[in-house]
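Novice: Those sequence lines, one after another, are chains G and U. Residue 319 in the working numbering sits at position 318 of the first sequence, and the numbers go up by one each step. Residue 363 in the working numbering sits at position 362 of the second sequence, and the numbers go up by one each step.
Hints were generated in silico from the structure; no laboratory data involved. Keep in mind that this is a model prediction, so the values were computed, not measured. Heads up, a few of these hints could be off.
Copies of one chain are not kept apart here, so a pair can be met inside one copy or by any two copies together.
What the hints assert, rightly or not - Derived pair list, reagent style DSSO-like, types lysine-lysine, alpha-carbon separation capped at 27 Å:
id	residue 1	residue 2
1	K190	K28
2	K340	K28
3	K404	K499
4	K240	K154
5	K549	K4
6	K351	K341
7	K97	K20
8	K549	K408
9	K189	K499
10	K340	K277
11	K145	K240
12	K66	K161
13	K66	K103
14	K240	K4
15	K390	K341
16	K506	K4
17	K145	K412
18	K145	K549
Number of protein chains: 2
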Amino acid sequence: MTKSALQIARAAYQPKLPKALASGAVKAVEGAATQSVADQEAIKALFPNTYGMPLITFEAGEAVKLPAMNVGVILSGGQAPGGHNVISGLFDGIKKLNPENKLYGFILGPGGLVDHNYMELTADIIDEYRNTGGFDIIGSGRTKLESESQFEKGFEIIKKLGIKALVIIGGDDSNTNACVLAEYYAAKKYGVQVIGCPKTIDGDLKNDMIETSFGFDTACKTYAEVIGNIQRDCNSARKYWHFIKLMGRSASHIALECALQVQPNVCIISEEVETKDMSLDDVVTYIAKVVADRAAQGHNFGTVLIPEGLVEFIPAMKRLISELNDFLATNAEEFSHIKKSHQRDYIISKLTPENSAIYASLPEGVARQLSLDRDPHGNVQVSLIETEKLLSEMVATKLAAWKEEGKYVGKFAAQHHFFGYEGRCAAPSNFDADYCYSLGYTASMLIANGKTGYMSSVRNTTAPAAEWIAGGVPITMMMNMERRHGEMKPVIQKALVKLDGAPFKAFASQRDRWAVETDYVYPGPIQYFGPTEVCDEPTKTLQLEQGK
Amino acid sequence: MTKSALQIARAAYQPKLPKALASGAVKAVEGAATQSVADQEAIKALFPNTYGMPLITFEAGEAVKLPAMNVGVILSGGQAPGGHNVISGLFDGIKKLNPENKLYGFILGPGGLVDHNYMELTADIIDEYRNTGGFDIIGSGRTKLESESQFEKGFEIIKKLGIKALVIIGGDDSNTNACVLAEYYAAKKYGVQVIGCPKTIDGDLKNDMIETSFGFDTACKTYAEVIGNIQRDCNSARKYWHFIKLMGRSASHIALECALQVQPNVCIISEEVETKDMSLDDVVTYIAKVVADRAAQGHNFGTVLIPEGLVEFIPAMKRLISELNDFLATNAEEFSHIKKSHQRDYIISKLTPENSAIYASLPEGVARQLSLDRDPHGNVQVSLIETEKLLSEMVATKLAAWKEEGKYVGKFAAQHHFFGYEGRCAAPSNFDADYCYSLGYTASMLIANGKTGYMSSVRNTTAPAAEWIAGGVPITMMMNMERRHGEMKPVIQKALVKLDGAPFKAFASQRDRWAVETDYVYPGPIQYFGPTEVCDEPTKTLQLEQGK
């Protein structure tokens with residue numbers, strides 16, 4: 002591996018730990034028994050061995066010498082900055098417990114467990130990856146651990162390697178599956194513990210006990226850096242509207258956090274669009290209105306932040322897509338004989354009036370994509386829609402109409418951006434480096450204390466790291482029952498942006514001013530070595546949620 | 002202006018100056034008389050007052066009290082990191098000469114001079130912009146100062162404001178025009194000096210006396226940061242080929258520098274494609290070959306860097322576009338009656354066999370764009386082509402054919418990125434902050450020494466800043482005669498990537514290894530406060546060119 006100067010300098014960084022963990026020996030203090038956030042009876046019935054367990058908090062304690070044990074670790078799903086530090090924290094934690102302890106990494110995600118694809122993670126390897134971004138130490142994958150045959154295949158290699166506990170680093174679905182696996186191994190009395198760690202740049206795995214998922218801090222700061230640079234360009238050239246789409250299909254936390262960091266002219270929050278039952282035209286009108294208001298002041302430039310999942314949150318679009326899926330499925334044969342150039346009119350003539358009107362309002366390219374690019378099940382692929390271009394085209398059309406009516410005087414030229422891969426593997430910020438290392442270290446202590454079905458938890462995260470509170474939360478506590486693929490399933494509740502939450506309220510109270518004024522903030526790149534107010538601030542979301 | 006924590010911390014940075022300038026008082030040492038790089042007689046005839054002047058080097062000297070003077074400054078063309086530091090260096094330089102001196106900024110580029118749109122830049126204003134990115138202090142613009150009527154309009158406001166000298170911060174064209182203006186004012190004996198400063202992220206304004214243009218360092222490092230992050234993601238997920246287009250239409254310095262920083266699997270250099278007379282198919286085949294070779298090792302992922310101007314460098318594409326422009330111009334009437342769905346076949350049937358074959362090989366979307374999206378003069382808009390998508394589509398097509406023939410076994414899925422606006426207004430790196438401040442300060446000394454038609458020059462830039470050599474270079478020295486819009490014009494020679502230059506040779510000697518191995522480097526974000534090897538290294542291009 003050829004290393005950059007920053008990587009070499011950063012390797013020496015010693016992540017900070019909560020005081021209780023840094024003291025060397027810990028004791029687990031049990032709180033009250035817990036219950037799931039909803040559907041208590043159903044969840045309890047499904048998790049008889051892992052339901053109702055107490056919260057755990059670690060405090061400084063007496064060192065106890067435990068017999069040697071082996072631990073396995075899995076990275077699951079999309080990359081998030083800090084994954085390597087979870088693993089190095091876990092490694093240092095188990096080595097502290099007993100230098101004989103071994104850590105095995107399963108390769109390319111949960112599939113590595115099922116396929117018995119693994120490697121031992123030794124000190125030499127771990128040292129190459131401390132404080133680095135990416136999941137390349139063992140790779141990640143999207144195989145879902147769901148079936149008993151997978152659990153049994155996994156147990157074969159677990160037995161063979163003498164693994165006492167498995168740590169699964171993943172998002173809400175992966176942690177749900179970690180708990181199902183914990184329950185299964187407990188029910189079977191296999192003596193294998195399973196611990197989860199909260200990962201996702203999307204920020205949608207959080208609740209009272211899990212303040213934030215790791216990676217959100219670094220990813221948002223990286224996006225805010227480049228958005229800030231674009232805003233400075235925008236404000237210098239004064240001739241473009243930049244439409245910037247941000248990763249995050251199921252929640253708008255990234256867009257909201259970036260908006261709080263950079264103060265754009267417009268930021269759309271999917272959850273608000275859904276709650277207010279806004280149509281696509283409502284969203285377009287809102288943006289066009291801001292463009293027109295700024296143009297009236299002579300400002301033909303601006304920035305618009307758009308969450309990736311927007312289209313799927315617009316109720317009317319959901320209805321259109323649903324009818325389109327049904328229609329194309331039932332009329333596949335007939336549709337295949339329609340000439341390409343006539344397909345659009347054909348669809349318009351066949352849909353219900355409401356959906357027909359929306360379909361007709363879509364730019365040609367998007368309409369074509371919706372009818373042609375379907376997934377293997379024949380469904381419309383909403384994720385392929387370039388929402389940033391869709392919106393800017395529709396805004397341009399609306400402005401042209403307003404110009405005709407004399408309601409708009411200005412020039413409108415757009416640039417488009419989509420940021421996702423740029424931030425998922427950035428080198429972790431000090432916050433994520435410390436938080437991840439603490440999560441991994443905490444996981445080792447949960448294992449030492451014989452826990453299973455717990456998620457590693459580190460709280461009080463807006464305080465200095467020494468004051469953070471490490472512990473464990475029963476995963477069942479975060480669950481409710483939801484319909485997934487037509488079946489009721491126990492799942493961890495996904496945290497969407499709350500319209501009555503402090504971050505959204507802070508945004509909503511300022512957005513009208515940001516729309517007309519040009520009060521862009523330029524956060525600049527993540528710094529690792531400078532003054533603490535530059536290097537160590539957590540996200541605005543976290544600060545606002547904690548009342549800071 | 003709401004400021005970020007980094008912006009506040011960074012405002013306190015005092016840029017470093019060459020020792021001679023830092024000493025407070027300087028003397029100008031004149032070197033030998035100069036001549037233009039080519040076409041000496043023609044250039045001399047066009048610039049009788051500004052041709053053949055000596056090189057200037059500043060050394061520490063005696064302070065001389067000069068009468069108060071006013072200076073004007075203009076930002077011309079695209080943004081580049083450090084523009085604000087050129088202005089603050091210029092400001093501090095003239096204030097040091099005499100605190101009574103005043104600096105006026107012309108607003109939104111050269112147009113501000115012609116339209117008499119200006120503001121006085123006072124200490125309060127300057128202090129808000131030190132070490133920041135962007136050109137927003139006075140804005141920039143693309144008006145070209147070319148005609149005598151513009152020069153005379155400019156002189157009106159220059160006279161009114163008592164301006165002794167004008168500093169034009171711009172790229173090769175803007176500096177050419179600065180010299181034409183210097184010559185004009187000298188010929189008219191208006192007593193107005195004009196000094197240029199070398200700006201452009203593209204890196205194509207450089208020569209023996211101008212080692213680098215400002216902004217190249219910061220912009221490339223910002224692009225390398227996000228490309229590095231994408232590479233780490235690529236190497237973690239192991240399932241995508243990322244096609245990454247980089248700004249820079251007329252030269253590939255940015256792509257080359259980024260390649261040297263991140264070690265991608267593929268980087269295309271336009272100048273090489275042109276020199277070797279490679280066809281579009283040759284480029285596609287080269288990339289597809291790397292994809293196939295990696296797939297044979299089980300690596301269905303990788304990164305490809307593409308310079309924005311590539312298509313315009315492919316000789317065969319230039320010929321196609323030229324024929325297409327002629328054909329569409331002479332057959333406009335007939336073409337307008339051809340049905341959209343038949344236009345492609347129509348064009349294929351009409352072009353010469355060579356061009357027809359290339360046109361037929363283009364993906365449908367690109368072919369449509371070439372025939373439909375034309376500029377106001379009816380010309381094909383090459384810059385609208387999404388080269389990154391064009392190449393990945395054509396690579397996919399070629400791989401599919403090779404799969405049929407059993408020559409390729411693998412999966413190919415692509416992601417696309419285009420980076421430009423992300424880096425043009427980044428906060429300047431230490432290098433650019435120091436270099437720009439020194440260029441501005443040097444400009445003030447050239448003014449104090451009565452020089453005109455000079456470009457501010459700071460050399461020996463791979464040494465610590467104290468050892469940098471400040472001075473001035475007659476702009477005519479960098480000129481030759483070139484055909485522009487059908488006329489022979491005196492212009493500064495554009496610096497393209499030299500295939501026998503050290504940066505290209507370093508790249509070429511390693512690229513075959515980078516293609517098959519995965520030896521990505523992850524430079525991480527620009528650091529301002531850390532160890533010197535992290536914060537102060539100049540670009541690889543500059544180091545290699547200086548034999549470091």
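Novice: Give a verdict on every hint.
Specialist: A quick look at each hint next to the structure:
| no. | hint | result |
| --- | --- | --- |
| 1 | K190 to K28 | within (25 Å within a copy, 87 Å between copies) |
| 2 | K340 to K28 | neither (72 Å within a copy, 78 Å between copies) |
| 3 | K404 to K499 | neither (37 Å within a copy, 50 Å between copies) |
| 4 | K240 to K154 | between (59 Å within a copy, 25 Å between copies) |
| 5 | K549 to K4 | between (38 Å within a copy, 19 Å between copies) |
| 6 | K351 to K341 | both (16 Å within a copy, 25 Å between copies) |
| 7 | K97 to K20 | within (16 Å within a copy, 53 Å between copies) |
| 8 | K549 to K408 | neither (43 Å within a copy, 60 Å between copies) |
| 9 | K189 to K499 | neither (40 Å within a copy, 69 Å between copies) |
| 10 | K340 to K277 | neither (39 Å within a copy, 44 Å between copies) |
| 11 | K145 to K240 | between (47 Å within a copy, 17 Å between copies) |
| 12 | K66 to K161 | within (24 Å within a copy, 86 Å between copies) |
| 13 | K66 to K103 | within (16 Å within a copy, 75 Å between copies) |
| 14 | K240 to K4 | between (40 Å within a copy, 23 Å between copies) |
| 15 | K390 to K341 | both (22 Å within a copy, 23 Å between copies) |
| 16 | K506 to K4 | between (43 Å within a copy, 21 Å between copies) |
| 17 | K145 to K412 | between (49 Å within a copy, 21 Å between copies) |
| 18 | K145 to K549 | neither (38 Å within a copy, 51 Å between copies) |
Consistency with the previously given hints fails for numbers 2, 3, 8, 9, 10 and 18, ordered from lowest to highest.
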